[in-house]
Every structure is written in C-alpha cells, then in structure tokens.
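**Q** Okay, here's what each chain looks like letter by letter:
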Amino acid sequence: MHTIAQKIFQRKSELIMFLAGVFILLSVITVAITGDFVFWKIAKFFYVIGVVFIIFDK
Amino acid sequence: MIGFEIFGMESYQLLSFGRQLGLSVMGAASLWAMVFLYLAHNKKVEDSAGIFLTWIGLRMRWLVISGGFLAFVMWSVLTMILPVAAHEGVTLVTSKESILSAMNFMTPLYILIVGFLLFGLAKYKNPYVLINSKKGISWFYISTFILSSIAISYYTDLHGLPTNESFFHVFHGFHSIFTLGTVLCLDFMFLSTQNAPFVQKHLFPLFPQISKVIWIGLSLDLLSTLLIFPEAALLTPRFYFAQIVVGVLIINGILLSGIITRRILKNIKEGHIERSIRWERFATVAGAISITSWMSITFVDHFHDLNISLVLLFGLYVLVIAVIIIGHEIWNKLDTRAERLHVNM
Chain R
1 MHTIAQKIFQ RKSELIMFLA GVFILLSVIT VAITGDFVFW KIAKFFYVIG VVFIIFDK
Chain C
1 MIGFEIFGME SYQLLSFGRQ LGLSVMGAAS LWAMVFLYLA HNKKVEDSAG IFLTWIGLRM
61 RWLVISGGFL AFVMWSVLTM ILPVAAHEGV TLVTSKESIL SAMNFMTPLY ILIVGFLLFG
121 LAKYKNPYVL INSKKGISWF YISTFILSSI AISYYTDLHG LPTNESFFHV FHGFHSIFTL
181 GTVLCLDFMF LSTQNAPFVQ KHLFPLFPQI SKVIWIGLSL DLLSTLLIFP EAALLTPRFY
241 FAQIVVGVLI INGILLSGII TRRILKNIKE GHIERSIRWE RFATVAGAIS ITSWMSITFV
301 DHFHDLNISL VLLFGLYVLV IAVIIIGHEI WNKLDTRAER LHVNM
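The listed protein sequences correspond, in order, to chains R and C.
Residue numbering for the first sequence follows my numbering, starting at 1 and increasing by one per position.
Residue numbering for the second sequence follows my numbering, starting at 1 and increasing by one per position.
What the hints contain is simulated information worked out from the structure, not anything from laboratory work.
Treat the hints with care, since some could be wrong.
[What the hints assert, rightly or not] Using 30 Å as the maximum straight-line C-alpha spacing, the simulated BS3-like pairs for lysine-lysine come out as follows: (1) C:333 - R:12; (2) C:135 - R:7; (3) C:212 - R:41.
[What the hints assert, rightly or not] Under 8 Å between C-beta atoms, here's a sample of chain C residues computed to sit facing chain R: (4) 210; (5) 213; (6) 215; (7) 219; (8) 222; (9) 244; (10) 250; (11) 263; (12) 265; (13) 312; (14) 315.
Where is the CB? At the ideal position from N, CA and C, for every residue including glycine.
The shape of chain R in the complex, shown without the other chains (with noise of 0.2 Å):
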C-alpha cells in the first residue's frame, strides 16, 4: 500500500492535496447527514498546505 501511494505520489504537495479532495468528498456527506461543516474546514486546511508545497516545488 506505501509503495503503491509512493508510486502515484511522487511529492508530498500530491499526496497533500488528493487528501484535500477526499476531504471535500467528505464533506458533502457529512454536511448533508450532520449539516457541520467540519470536514469542509480540514479540506480547507490540506489545499492551503498543499499549494504552499506546490509552489516550492521544483
């Protein structure tokens, strides 16, 4: 399973950001179910990690 995710994964910025979008995926179901926005806010927090890491990137 790493070696797999290290294969598609090659920068930590990637990784990152995919856990961002699964968040987002997250929070449709929550926000629906629950109507608490507390997955939204973490996938918030990835996407603004993962673009810093984006932008140093080379």
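Given chain R, work out where chain C should sit, using these hints.
**A** Okay, now just chain C, sitting in the frame of chain R:
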C-alpha cells in the same frame, strides 16, 4: 426586453456566464502566449524549442480573439438585459441593478477590447506584428491580458460594499483567468500538439509550472469564499453539486499534473510511443473531467435559483464529459497541422 426562464435559470444569467467564460479564455490565453513568447525570445538561436514556443504562442491569439469576441457580444446583449456570479456553491447574490451599473461603467473598456481584437484579426496574415519587441514582450498580449483582467474582476458595482465583499467579488471574478481560462488553454495546447511529440517534448515540461497557477487561482476562490462564509452557504442541490465537483477537480487535477504528465514525459523521452499513447488516453479523460468540472461550477454559480435535481445535474455532467472525449478523438484524427509542421521542419 427579450428573456426566458428555464429550471430557475434566467437568460441574463446565461449571458453573464458567456461573458465570464470569454474573458477568462481571453485573459489566460494572453497570459500564456506572453509567457511562451518571452521564453522563446530567451532561447538560443540554435535551440528548436524557441520555434515551437513561438508557434504555440502565436496560435493562441485565436483563443484571445474568440474569447474576447464572445465576451464582447455577451456584454453588448447584457447591457440591454443583465447578470450575476460565484463558485464552490458559496454565493453572494448580486442584484441586476449593481451588475448593470458595472457593465455601463465598463463601456469604454469593452470598446477598447474589441478594438484590439479587430486589430489582431486584421493582422492574421502577419501575426509577428503583434509580438514585435526587442525584449520578447508582446505589447498585444500584455494589453489584452490587462483589459480582460479588469473586465472580469469588475462584474458588479463595488461602490459602498463592505471590504470583505469587495475582495470577494474581485478575487471571484479574476480567479477564472487562472483556473477556467488556463485549463481551457492547456487543453488547446494539448489538442494542438497531440500529433506532434517533438513539440510536446518542449511544451509538456512547462505544464507543472502552469498547473501551479491553476492551484493558486483555486486558492483565490477559496480565499474569497472564506471572506463571506458561513452566511453565504445555502444547502441546495447546486451547493452539493459544486462541492462534489470541486473535490473531483482537485483529485483529478493532482493526478493529471502529477503521475499522468510524468509518465507521458518519461515515455516521450525514452521513445516508447505505444506506452505514451496509452497514458495520453488517461490524459484525455482527465482533461475532459477537468474542463467539464470548471465549466460546470462556473455555470451553476451563475444560476442562484437553479432548480435541477442533483441526479440530473450529474447526469448532464457525465454526458458532457463523454461528448468531450469523443469530440477530442475526432479532432485528433482530423487535425494534421502539427504533423505538417513536423514535415516542414
């Protein structure tokens, strides 16, 4: 006044979407053509990359001209009818009056835009006039970029609005150049060079840098929504659709700009044509998802009273992706211009 309403969508909102789409393509094409021509200018004379970058940079003027004319036509009709906008399903609804006021205020700018476009069109046989510069800086593309940036950012009257709302509207309008427009330009470049691996070899290494700008553009949208969240979040099918599509967009974007681009480049470099074609098929699907997603979220955000179910929205979304993939394959078979360039080299 001629107008219609279907599924909660009004004609002025459709025109507003067309205006934003046109300006985003015009702005992004100007930006990237400017970058390519500058890079080409700084290549050594014997480096063939300079020729290919100039070729694609000049070819992008057709995107500038077509996007600009689309925006101008939509603006012309809008000043007689009217618009609105927002992304991620988190929306500030703007009034018809404030948008009409902004459109009228921007009249000299749109006239200037159409003047530049007509000049670009008139020089279609001698496009080098547009990039005539000793430093590799194209006056034409700089002008069209600045004009489209202002026009797309000022789509509603900002006078008297709280600071956070003003920033929301400016970021919200401008980011389309970095996102929607740049994605469409990327696909244009991908389409233009799909039969020309010798051009791809010089162009594809720039794609990761171009995608950085798309991610920054999406950040501008994120910042703008945080400025007005949570009071602007309405839990409608439109909101859920936009959120799901943004999630898909991020996952798809990271795969496209990451592993897919890496594999294509590796295969081109090593001369594995068949493997390269297989990965290009993945790129075609990912590109179709990317374009459809950006178009969809821009589209639904223009229709705040949209009353289409989530299932139907996704049905249309998948249908458009399928049509783009098929259209892409047909284009790929018909377009031989890149091959001719190879023959002429």
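**Q** Is the interface hint satisfied for residue 263 (chain C)? The criterion is a beta-carbon contact with chain R at less than 8 Å.
**A** violated (10 Å)
**Q** Take a quick look at whether residue 333 (chain C) and residue 12 (chain R) sit within 30 Å of each other, Cα to Cα.
**A** Measuring from Cα to Cα gives roughly 38 Å; hence the hint is violated.
**Q** Classify the hint on residue 215 (chain C) as holds or violated, based on whether any CB of chain R lies nearer than 8 Å to its CB.
**A** holds (5 Å)
**Q** Interface hint check: residue 244 (chain C), Cβ to nearest Cβ on chain R, cutoff 8 Å. Holds or violated?
**A** With a closest approach of 5 Å, the residue 244 (chain C) hint holds.
**Q** Would you settle whether the hint for residue 312 (chain C) is holds or violated, based on the nearest Cβ-Cβ distance to chain R being less than 8 Å?
**A** violated (17 Å)
**Q** For the hint on residue 213 (chain C), does the least C-beta distance to chain R fall short of 8 Å?
**A** violated (10 Å)
**Q** Holds or violated: the hint that residue 250 (chain C) contacts chain R, with Cβ atoms closer than 8 Å.
**A** holds (3 Å)
**Q** Under the criterion of a CB-CB separation shorter than 8 Å, is residue 210 (chain C) in contact with chain R as hinted?
**A** Violated: closest Cβ of chain R sits about 12 Å from residue 210 (chain C), beyond 8 Å.
**Q** Less than 8 Å between beta-carbons is the criterion; does residue 265 (chain C) satisfy it with respect to chain R?
**A** violated (12 Å)
**Q** Do the alpha carbons of residue 212 (chain C) and residue 41 (chain R) lie within 30 Å of each other, as the hint requires?
**A** Judged against 30 Å, a Cα distance of about 22 Å means the pair holds.
**Q** Quick check on residue 219 (chain C) please, does its C-beta sit within 8 Å of some C-beta on chain R?
**A** For residue 219 (chain C), the interface hint holds, since the closest Cβ of chain R sits about 5 Å away, which is under 8 Å.
**Q** Are residue 222 (chain C) and chain R close enough, Cβ to Cβ, to be under 8 Å, as the hint says?
**A** holds (6 Å)
When each numbered hint is compared with the structure, violations occur for hints 1, 2, 4, 5, 11, 12, 13, 14.
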